[in-house]
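Taken in sequence, the protein lines are chains F and W. Position 41 (the first sequence) corresponds to 66 in this note's numbering; numbering is contiguous. Position 7 (the second sequence) corresponds to 10 in this note's numbering; numbering is contiguous.
Since the hints were made in silico from the structure, they are not lab data. For every residue, glycine included, the Cβ atom is placed at its ideal position computed from N, Cα and C. The reader is advised that the hints may include incorrect statements.
Unchecked claim - Which residues of chain F face chain W? A partial, calculated answer using Cβ under 8 Å:
1. 28
2. 39
3. 45
4. 47
5. 51
Take a look at the letters that make up each chain.
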Amino acid sequence: MELVKPDLGLLFWMIVSFSILLYILIKFAWKPILKALRDREMSISKSLLAAQRAKDEMAKIEFGNEKITQLAKLEKESLLKEAKELKNNIIEEAREDAKLEAKKIIKEARQSVEQEKNKVINEIKNQIAALSVDIAENILKQKLEDESKQKKLIDDLVKDIDLN
Amino acid sequence: MYKILLNITFVIAILIFNQENIFANDNPAEKDPEHPQEHNEEHEKEGFNPGDFIFDHIRDSYGWHLYSYKGHHVAIPLPVILYSKTKGFISFWSFKLDHGHTYHGFKIAHEGDYKNKIIEVNSHGEFVARPLDISITKNVTAILFSCIFLIFIFVSVANSYKKREGLPPKGLQSLFEPLILFIRDDVARSSIGEKHYERFTPFLLTIFFFILLNNLLGLVPLFPGGANVTGNITVTMALALFTFFITTITGNKNYWSHIFNTPGVPWWLKLPLPLIPFIELFGVFIKPFVLMIRLFANISAGHIIVLGFFSLIFIFGKMSPGLGMAVSPVSVLFAIFMSILEILVAFIQAYVFTILSAIYFGMASEEDH
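Modelling step: build the complete structure from the supplied sequences, incorporating the hints.
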């Protein structure tokens, strides 16, 4: 039964050497190894997190871009629409103005034509009057050459005056 | 599967133990201390004895036997350190005691309670006392060798971790990293829990690699392997004592209250006769005891079986050399098969010892919930 009988000397050496082994391994091997492993795991998980965050950010930015493009499109459309409206308005206004102007011009023209007409008529009247006077003068001159006729004329004239 | 293996090995181990006992009982003359030399000669004449052959291989010894050539034993001498009440401290090389020689009144006993141990004898060769024996035996040498080996390996691994910070593992580092991570994550963290596992991981790593290395070295028949370190009850006892003391020292209030005032048990099982507390307290000692026995039995049994297969060659060879030759390929095949199984057992036993220690630590540091 020697096999199952613990030996004191071996126990002593085993406890001494295993304690030293424990101390040295813990201090110089396990602590640095476990620390390095933990650090590496931490850095890996941190990097993974950062990558995920970056991905999210990218997606967000992409989404933002799309939104901005859409907004720009809308803006463009509304601007175009506004411009069109403005253009139409301007054209309409111009047309209106032109109409009014035209009317005014026509009116003025008409007035001036009227004036001219009146002026011409007056002139014609005056010329007719002058001409009449000339003619009358001429006639009178001719008539007065003949005594009898002059006398008669004067008589006629006197008669007319008396009647007046 | 390994349970079946364990059973088989146990049965065979018991058979061999019994054989030893039967042999001892069959020779009443052996108990006669006055004729040790005679008996030894008788023993030699008997020829091959598988029981002694196996025990000589698995027991601790004062020198490190390398090989025998034409009856001449070649061994590495190791220092013997003794303290006796009459002679004080004394130290000499182990070869001085070879072949039953007596040196300074010390000799290796061949029978009795101190068989194969150094005893102090008087001038007539009669037993006087067993001195305090702290010799550097074969197993102590193997333990020191494996300690130095482990320190060398893991300190260099730790240095490469420092040197290659943030880089993937390389060389030895990548060989051991999966094992270290396995012990940390699947043994320590899963058995002890997230909160306390970091305290115990270094110890668990140390016992795992110590047991694994010595299990594997025990399978190598050449120096510096071949010492049966983890199959020695003293070594497994020391390891179990470490686990026991760490469990007891780190045990919190909850752990002790589970032992002395087990919750969920009717009061009459605790008072007036503290039945459950007694069983629980007994369990505290049983757990490390079982750790000690399991590792010792598994590793010793594996060695005994392999040596048993080799013994067959000599047993049959003694009957007739031809028969021995015929049996040897079968024996060698079986021994190879067993050795491969033993490699598996080496890993399993190192793992089992570590995970059970981790579970005990987990119990000791478990919080009340």
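Comparing the hints with the structure gives:
Hint status for residue 28 (chain F) relative to chain W: holds, with the closest Cβ pair at about 7 Å, below 8 Å. Residue-level restraint check for residue 39 (chain F) holds (minimum Cβ-Cβ distance to chain W is 4 Å; threshold 8 Å). Annotation: residue 45 (chain F) was flagged as interfacial toward chain W, and the flag holds, the nearest CB pair being 7 Å apart, inside 8 Å. Among the interface hints, the one on residue 47 (chain F) holds; its C-beta lies about 5 Å from the nearest C-beta in chain W, closer than the 8 Å criterion.
With 8 Å as the threshold, the beta carbon of residue 51 (chain F) comes within range of chain W, its nearest partner Cβ sitting at about 4 Å, so the hint holds.
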